[in-house]
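Enquirer: Same order as they appear, the protein sequences are chains A and B. Just so we're aligned: the first sequence equals residues 1 to 145 in my numbering. Just so we're aligned: the second sequence equals residues 1001 to 1376 in my numbering.
Do not take every clue at face value.
[Said to hold, decoys possible] To give an idea of the interface, some chain B residues facing chain A are shown, with a C-beta separation under 7 Å as derived from the structure:
| no. | residue |
| --- | --- |
| 1 | 1237 |
| 2 | 1239 |
| 3 | 1337 |
[Said to hold, decoys possible] 20 Å max Cα-Cα, derived EDC-like pairs, lysine to aspartate or glutamate:
| no. | chain 1 | residue 1 | chain 2 | residue 2 |
| --- | --- | --- | --- | --- |
| 4 | B | 1334 | A | 105 |
| 5 | B | 1337 | A | 53 |
| 6 | B | 1334 | A | 104 |
No wet-lab data here; the hints were simulated from the structure. These figures come from a predicted structure and were not determined experimentally. Glycine included, each C-beta is placed from N, C-alpha and C at the ideal position.
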Amino acid sequence: MNEKERPMVRSRSGTSTTEPTTESEIAELYRLMVARDQAMWDQLTNRDSLLQDRMLELFSRLLDANSIDRVLVTGFTEISEQLKEQMQPLRDLSRPHAVLNPMDDAALASLRRALSRPDFNRPTPAKMQNPGGLTSPADRRSTTL
Amino acid sequence: MIPLLLQRLVTGNATHPSMTKEQAARVLLTADPFDLILHMDQLWDLAQPWGPTIPAAGTARRALAQTGAFASYVPADLPAWDHLGYSYVLENTRIVQILRRVVHEYRSGEGLGFPSYETQLWLNATEALLFGAANPVASWLSTSAVRTDAEAVRRNAYWRFFGLDLAFGTDDNQSPVYDKAKAVNTSFVRLFEELLFELWQAMTNVKNVAGVNTSDDDRIFRIAEELGFVLRSRRLKSTLRREELAAATVLGWAELTVLVDSPVVSDLSATATNPATRLQLLGEKVGLPAHSKNAAFFSMAADLSVFLYTIESMLISSPEFSWILYMDQVPPGKTGKPIGAEARRVITEWAAATGKDLKARAKPVEGARPRLTVAA
């Protein structure tokens, strides 16, 4: 195929050129595309980093902190995150709770019943009347005198 | 014994309906002391201190006890009386010595005025239960010609059980004289306060789901177990149980006297809204001040009884059961309520009474590396 028969393609600069057909031309084109993407990625990363630095600086100004504080805070945050992850299995050393077997449970309930007593800090409402039962000697006397 | 009988009166039974706690208190405060002593005999028999094969009461004694006014109020659950710790903290309020002066003043003159009929009934019971007035049946008051002073007998029991004396001397501020046994639980206070500290750590972490959890169930179990061993070692072959019942009866009666505006409290114009103030006013009437921390003693007495009995029951048989001492909620499907609320009350009031901060360790654990000695 002569030069006139090769299809026209658009180059990186926008000018029309011929489409690569040989392996070396394809490899060159691939290298150029990778280099372009890499350059774009570097540019984005730099911009992101620059924005982050500016943001941190803005916060630092707001909080009146100096650069040493920023380094320390960043360092401690990383270390604490790392430690938290490493120590997670040891966070709670206590053993799991177990319920009492029926006999011990009954013994505890019996103990609580045996030692229960009225609470005199809260007086009985006045509307409750004596339903009967035992009377004190004073009560008996008051009815006979 | 008395507050527990009070609860049974409030609850009622098959032959006697329930009543309010104020009515029950009135029934007890004006009861015949003989009826109370017969009920005391019943409880001793029921507790089977020498096992099921050796009866604690003979046929005649048992039959006589059945004739008492409170015979139908035998408890369905044991223990039938409060722990000796209950008596110890209540006696530290100086209530028995104050009531002794009240009885003495009333019986020897008219300095306090004329007692009402109800107060005279109270005086009869107080002389019989607390100060050894003669009764048709010798009660289990643990005194005899060999050991005549009931207060000295109680001091001896406190010393053996807790390695502690009361916070005051005799009625006339002399050093108390009583038999100091050699076998004493000298480690009680150390173990008890260490356990309270660990329980507080656990309580503060009950709802902790994110931070470092400093509760140590294993240590709680070990201290509780050791404390249980120590306390039970003084109870071998039911030793000191008789003295414990006598002390619980005496201090239960004394507590009931100031738990409500009883006849004697009203006669002496010592009415108040709480037992600590009533006792303070009674003390001022007879010239013997109550303990300055008596509110803390009154507040923790009943809870300390529950706490110490639970420790002695050895229900905390492994670290997995330490939660019984510091949780509040009953697990689903179970009936035994954990004693977290009681333990918390004991921690607060024991700290208030002793002035020790049980919520912080007295000396922090040494974390620094020891210095190396460098040769010059």
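Enquirer: Which numbered hints turn out to be false for this structure?
Expert: Numbers 1, 2, 5 - these are the hints that the structure violates, sorted from lowest upward.
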